[in-house]
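Asker: In full-length UniProt numbering, the protein residues as written are 1 to 1029.
These aren't lab readings, by the way, just hints derived from the structure by calculation.
Possibly wrong hints are sitting among the right ones.
[Said to hold, decoys possible] Pairs of lysine-lysine, DSS-like flavour, derived with a Cα cap of 25 Å:
{"hint": "1", "residue 1": "Lys522", "residue 2": "Lys452"}
{"hint": "2", "residue 1": "Lys64", "residue 2": "Lys9"}
{"hint": "3", "residue 1": "Lys126", "residue 2": "Lys96"}
{"hint": "4", "residue 1": "Lys713", "residue 2": "Lys4"}
{"hint": "5", "residue 1": "Lys145", "residue 2": "Lys9"}
{"hint": "6", "residue 1": "Lys597", "residue 2": "Lys434"}
[Claimed, not checked] For each label pair, taking beta carbons as the anchor points, the in silico distance ranges come out as:
{"hint": "7", "residue 1": "Val84", "residue 2": "Leu57", "range": "27 to 33 Å"}
{"hint": "8", "residue 1": "Glu35", "residue 2": "Met420", "range": "18 to 24 Å"}
{"hint": "9", "residue 1": "Val417", "residue 2": "Ala942", "range": "47 to 53 Å"}
This one's a predicted model, so the numbers in the text were calculated from it and none came from an experiment.
We treat Cβ as the ideally placed atom computed from N, Cα and C, and that holds for glycine.
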Amino acid sequence: MDSKSMFHKPTGLVYDRRMAEHRCMWDSTYPECPERLTRVLERCEELGLVQCCKEILPREATEKELLSKHTPEQIAILKATENVSDEQYLENLSSKYDAIYIHPSTYRLSLLAAGSTIELVENICKGAVQNGMAIVRPPGHHAMKSEYCGYCFFNNVAIAANHALENLGLSRILIIDWDVHHGQATQQMFYDDPRVVYFSIHRYEHGTFWPNLRESDFDYVGKNMGAGFNFNVPLNATGMADADYLAIFQQVLLPMACEFQPELIIVSAGYDAAIGCPEGEMELTPACYAHLINSLSALANGKLAVVLEGGYCLRSLAEGAALTLRALLGHPTPSLPPMAPPSDVIRNTILDVIYSHRPFWNCFQLQDTWSLSEQENKDPLVSLPARHIPRAIFLGPTGPPPSSFETRNCYPVQSSVFLMSVASKLNSLISSTKLINPVNKLSIVYDARMLKHFNRGETSHPERPERVSSIYSMLEDFEVLQRCNLVPSRVATEEELLLVHTQDHVSAMQSLATKSEDELDKQQKKMRSVYLHNSSYESASVAAGCVFQVVDAVLSGESASGVAVVRPPGHHAESDNACGFCVFNNVSLAAKYALEKHGLSRILLVDWDVHHGNGTQHIFESDPRVLYISLHRYDNGSFFPGSLDAGHDKVGLGKGEGFNVNIPWNKKGMNDGDYITAFHQIVLPIAYQFNPELVLVSAGFDAAVGDPLGGCKVSPECYGHMTHWLHGLAGGRTILCLEGGYNLNSISYAMTMCCKALLGDPLPMLEKGSVASLNGIQTIRTVCSVQEKYWPCLRFQVALPVEDDILSSQESTEDLSRMLAKVELTEREISMNHPKDGEASRAIKLVVDSGDVASYARTCAPDRSQGNSSSGAGPSSGGSGEGSSLGSARGGDGSRPTLVDYLSENMQMLVEERMFAVVPLSDCPHLPSVEPVPEQGIDTNAACEECSSTQENWACLVCYKVLCGRYVNEHMSQHGHGVGHPLTLSFSDLSVWCYECEAYIDNQVLYAAKNAAHQSKFGEELPWSYGER
């Protein structure tokens, strides 16, 4: 599609108030209630949003449309209930399905919900509207082909997506399901279809949360042609907040979407992860939903359909849905409240998802790799900061489903105290959320006086007047200027220039007006890459004044955003000198002006000019109020300005330490994939954690395709997408200030794309499959490793196993659960496997000695089919119970705990890699090499015979030498491999390792040695655990 003709069309809205008739006749407090619809509509009307939308008329789905995803039998069963008034009959029928109630109007209203969703998608795909929202009920994403489920009868989103594929000519659709319950039915319907990426973020808790399905975990990635196109992001803890969801988007969803390049995005928008929802128990703020929508709206040519699913805290549902609609309309996204970094739980989940999809997507090659063979015989603690082992742990029910389901009182009920707390929190959030919508979306400033500055001796110099006049002409040609607020220019005062620059530098520039050409030539020879003209001071002071004008327009609320089409550029200018075509540092002056005049305290300054902004960095490197992030070509310090100050290790000084982020490319040819990846992995995570009040962009376009100086390949469209992502910050207050860029066509089109992004126009799709280069990946890894110290949001550069099939080798079956349930732990074993006081961060290695256990497993899945946390029906089941204290594991009857009991109570430690369970081999061909224990026994306090270390020592079971382990000086490993003594005993936990088998071993042959060590360590004999003697 020609970008010139791409303007933001109206936002569509479809709803029908008759949908409020669907209600539970026998339980008036049922969560899926009519107020879910009416409260959303009321809030949208209060905010004046409904009248801003284009009305889409609702309609019923046809039977043919339903049959595309449902069986005739299921349609007929529901149809037969239409206008049936026998309440007992309807309740009995409802009890056959999980979390369902049927009303006499349910069939007709389910048709209406599905048909209205189809109508919305059709209007978007045919260009009648840009995007839109379907406020409908009953919801749909749990409705399976031949079964009603979870409040859902017909799968609205799946039916509409199928309609787009089969009737509207689409071939790539992205379905995002952020309802807190997994949309298992939507997954099933597209599981082998590569035309649809299904992406679900849902509460899981290892299968203990409804719908309690193994297929909801991260390793279910699709099958056959659809392999790799199914994404599950399982949330294994409650309390997930804005930072966690943003991390999912930045680390997983957006990279994949940019590679996939969908033609349409459909959101199954449940709001049950919002603050106060009794079913989700998550902590998303209503404003976060606006940010999620904003991050998606530049994709798919802006074709985005949002369809209501769940959400059961009426106030947070209404606010979240209203702010979603507001974002679709293109209103500025409200700033988020301060955020903590993403949680450890979400970090592990994200790494699991990346691991499982790495074979299918090029965008998931950022993490380094390691081999599992390197892990053997290692204390896992040392590996934690750098390595991750994916684990698919299922603790949900494994038996057959019940023959009938509860129809009353089958949902969580919140206490009055909790409800008051939620109301207070929501009141505070809503009142503090600034919903601004300035009259002008964009202010632009330009002044022809800036054309007076030119190179007297080289008219073809790359920094020439035509740079700004060409941009201005294209903005007019693309009808951008006609839709903008044109701000009058002005000259910066001397006092204003002194905000950043020294008096000597300002005076020197002022003196240029009266100098002869010889004097000008002599003075410019003293400078680095600068030419001077009698009008240089006038042009430069006008450029600075223009930027001040845009800052005033944006911060006064006159305009949502701004663009300064100015020259000479500024980011190389130091406080005391001109440099690199730059006279005054325009963007630094703008930042200082915003700090001093407008009283801001947090400004994000992003510099994507291909050259490092040395002047800007030096001006603010000690100021924590300005976060400077620069993406630039570095070439190991040889690219202009040729200073090591542009390196990744320059992080700021003094109070400004951590507020300088350099992303230095070390070769030419960097492309869209490199810049997009840097934004998702570094720029946006840091920016959201910083939470700026204003975003300033040093918008140089010399990394663009065709630039004579930059040597890179960034497309103009990519600059538009980067602008759009930044525009979601700071309440939309974003200002672009022109820096470099020397191909007139490239810079004109690139700046036009940026302006269109700020106006809310749909952006052209990026090239499908564009990903980061190997050199770009290395730079991003390096920057993350340095900046993680200051920005914990960057903690995702963790090495993943190189083996692709690790999950297939993990035993998580019922058989393993039953086997482990037989293993009893002694009090000694429990105490041995816990850290000492003051060592809470250490990992626990739980090695179970049992002759009954004959296999090795990295993952254990206890059978919880009888547990009350997983057997309840409906979306309300699976709530978190009270946690147990560490080390309190006991059997259910007060007997000694089984391994299942122990792991169940400490599962979070297992998930967070602070504990791992090992079930050793019961046999080993090298057992005959074990020699009798020496008469003097085994001294577990003995030092290493090579280095005298007393940490992590082992005893060779052939010669009984005492040597240190791999994380000291590796003397036992060298001994075992060097002299062929395969079996060694750990003094730490009395486990036995075989170097030849590369596994832990437990066999009665080893008892004598283990008993001798046990007596040395604890002063008592080791209990016999190998059956009858």
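Asker: So if I understand the rule, the pair passes when the alpha-carbon distance is 25 Å or less; does Lys145 with Lys9 pass?
Answerer: Cα-Cα ~35 Å, so violated.
Asker: Are the Cα positions of Lys713 and Lys4 separated by 25 Å at most?
Answerer: Holds - the C-alpha atoms of Lys4 and Lys713 are around 22 Å apart, at most 25 Å.
Asker: Would you say the C-beta atoms of Val417 and Ala942 sit inside 47 to 53 Å of each other?
Answerer: 59 Å, violated
Asker: Would you mind confirming whether the straight-line C-alpha gap from Lys597 to Lys434 stays at or under 25 Å?
Answerer: 21 Å, holds
Asker: Compare the distance between the alpha carbons of Lys522 and Lys452 with 25 Å, and conclude whether the hinted pair is satisfied.
Answerer: The given pair, whose Cα atoms are some 20 Å apart, holds under the 25 Å limit.
Asker: Under the criterion that the straight-line Cα-Cα distance not exceed 25 Å, is the pair Lys64, Lys9 satisfied?
Answerer: Given pair Lys64, Lys9 is violated - Cα atoms ~31 Å apart, limit 25 Å.
Asker: Given a hinted range of 27 to 33 Å, is it respected by the beta-carbon distance of Val84 and Leu57?
Answerer: Given a distance of about 28 Å, which is inside 27 to 33 Å, the answer is holds.
Asker: Within 25 Å, alpha carbon to alpha carbon, are Lys126 and Lys96?
Answerer: Given that 25 Å is the threshold and the Cα spacing comes to 40 Å, the pair is violated.
Asker: A range of 18 to 24 Å was offered for this pair. Does it hold for the Cβ distance of Glu35 and Met420?
Answerer: Holds, since Glu35 and Met420 (Cβ atoms, about 19 Å apart) stay within the stated range.
Hint compliance for this structure: hints 2, 3, 5 and 9 are broken, all remaining hints hold.
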